[in-house]
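Trainee: Sequence:
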Amino acid sequence: MGLFHSKLDSGSDDEWEPNVSSRLSHVGEAVYQELPMKYSKYRHKMWNATFSAMVGSLQQTPSVKTFTENLELTKDPPHSNGFVDKMFDVMSKTTKWCDFMSLAPPYEGGKDDYFLKKMKEALKNVAGNAKGKEPIIVRLMFGWGYGESHPPRFGPIDCDLWMKKFTEELPEDANIQLWVGAWRYGQSWNHAKIIAVDGKYLHTGGHNVWSKSYLENKPVHDISIEMEGHATHDAHLFSNTQWEWIQYRRGTFWGRILSSIPSWVPMLTFHRADISEYPIGRQLRFPPLYKRSIVDKYKPSSVSVPVFSVGRQAALVDGFSAFFSRDQPAAVADAAFVAMFGSATNTIRMSLQDLGPAGGPKYGRLGGLILGWPTEYFKPMVRAILKRGVVIQIVLSNRKTPENSFGYPINEVYSKIIKCMKKEFPNEVTNTILKEEIIGKKLCISYIRHKGGNTYYQDEKEEPEEDNEIYNHPKFIIIDDVCSYTGSQNLYRSDLAEWGIIIDDADITAGMMEDYWNPLWKASHNEDDYNVEKIMESLEDDTDNDEVVFNPYTFGGKKKIEEIVRALNEGEAPRCAGRN
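If you read the sequence shown in the working numbering, its first letter stands for residue 28, the second for the next number, and so on.
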């Protein structure tokens, strides 16, 4: 689209673009070689290399103790409210500019929702910081998510409604300028989770702001990080692109017409851009764009380490049909992941929600037949296994978790990766090698478990085990125990706007291993999760072309999707029907 390649404001690039190359590991070097070469025009829009410091340890909910002790998790007493406190303590530090980004607002807990309570408290603190100063800018950006209906409906965010909720406890003279925005463009919407404050303080990761998901008796496992440093500038600038698109969209002929329709009204179009401002009715309808010169300069902490901010803006930059044609020229974070996997010499460790595409066995397999599997990641992974002896360990959500798994059995996940391996190296991969050297040895995949197994611990069992399986939601990668990614981007195929941080430091990665990965893997790894013979049987029956994506925005793609839907409705077994 070419709309968002605005120039940087004046200032010394040396502070913001330091020479990190001398301190990079082999993993960081691989990322640094890839991004400037192919994506230089998106620097400070979707990626950067700089120095920042991690604050504290990896923030995980629920507690790491679930992997080492039998803990019954209940809403009262609270088990993870402290995480929410830390999250909005970052927001409360704002003195000039705050960007908050998430999939959807804190809708789940009603009037007493703890996320909403702490967010409103943080906004009051920000208003207190603004007394006698220039107004503080606060931009709250959401995607396409759940609303307040009962049961919650997945659809547009009502920006006016949420503006009233966020500001109802602010003093009348609150010296802040606040915007709530939300958008969807084709199959793209915001999925990044960011709190960026004053170009210095940063909170990001996988956590949404939903109390039922994180604070009650069956909490989703997730991780986030807090940082200080110049990577925060890049989070602000990433947010700029989405606000620019909202302003652009609202400025078109149809945008002006649609802007007169309330956010909650269903419409045929999937292209939407909504906004609400506070104070209401002021002359400035759209927020200003962030510039480095707005916030105070500072020297990075002495404990700062090399970091990469990596993201993608999906359809906002590539166009709304690019994902389905597999032509995504600005999928920067995707390229960073490929470089990370391609650099591995010893281990690749991942804690993920899923690898299979949306619309798995639980949903009639439609998504899997249309979207395919992430072979762009599988290819460097299988090369690492066969050519460099790399061991890959993956923890996934359990199959029957209702909201945080698409339901692919681990045997099928194994078979899809091995299928890619056999395609890439047809003369080297024999069934004997797969059975004796690869499955469960070089490639190890498990469902997430606590100490007591793959269900939430109950002192007195109140519900069936099959309704009590543990959820996993992180997007977390460790390469060779020296470099990590923490962010919002899943590895299964999607076209959402994402953002995260690659930390290239062996000491910090060692801390993440000790605090999170080692207890997770010790509790979760179980050879009973896979069956070699069923994996091989699945391989023989699999005739899917995992790399094909049908574009619903073309006539041919639409017809093909209609054929698949018709076959599923008529009860024809889809290819590779997935076995336990």
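If you are wondering where the hints come from, they were derived from the structure by calculation, not from laboratory data. Treat the hints with care, since some could be wrong.
[To be verified] Label pairs and their calculated CB-CB ranges:
hint : residue 1 : residue 2 : range
1    : Lys-427   : Asn-97    : 12 to 22 Å
2    : Thr-570   : Ser-329   : 56 to 66 Å
3    : Pro-162   : Glu-451   : 12 to 22 Å
4    : Thr-374   : Asp-486   : 50 to 60 Å
5    : Ala-533   : Arg-415   : 32 to 42 Å
6    : Pro-162   : Val-330   : 31 to 41 Å
Even glycine gets a Cβ: it sits at the ideal position worked out from N, Cα and C.
Trainee: Hint by hint, say whether it matches the structure.
Mentor: Hint check:
1. Checked against the hint of 12 to 22 Å, the pair Lys-427 and Asn-97 passes, with Cβ atoms roughly 21 Å apart.
2. Roughly 58 Å separates the CB atoms of Thr-570 and Ser-329, a value that falls within the hinted 56 to 66 Å.
3. In this structure the hint that Pro-162 and Glu-451 lie 12 to 22 Å apart at CB is violated, the actual value being about 56 Å.
4. Judged by the Cβ atoms, the range 50 to 60 Å given for Thr-374 and Asp-486 is violated: they are separated by roughly 37 Å.
5. Between Ala-533 and Arg-415 the Cβ separation comes to about 19 Å, which falls outside the hinted range of 32 to 42 Å.
6. Checked against the hint of 31 to 41 Å, the C-beta distance between Pro-162 and Val-330 comes to roughly 34 Å, which is consistent with it.
Consistency with the previously given hints fails for numbers 3, 4 and 5, ordered from lowest to highest.
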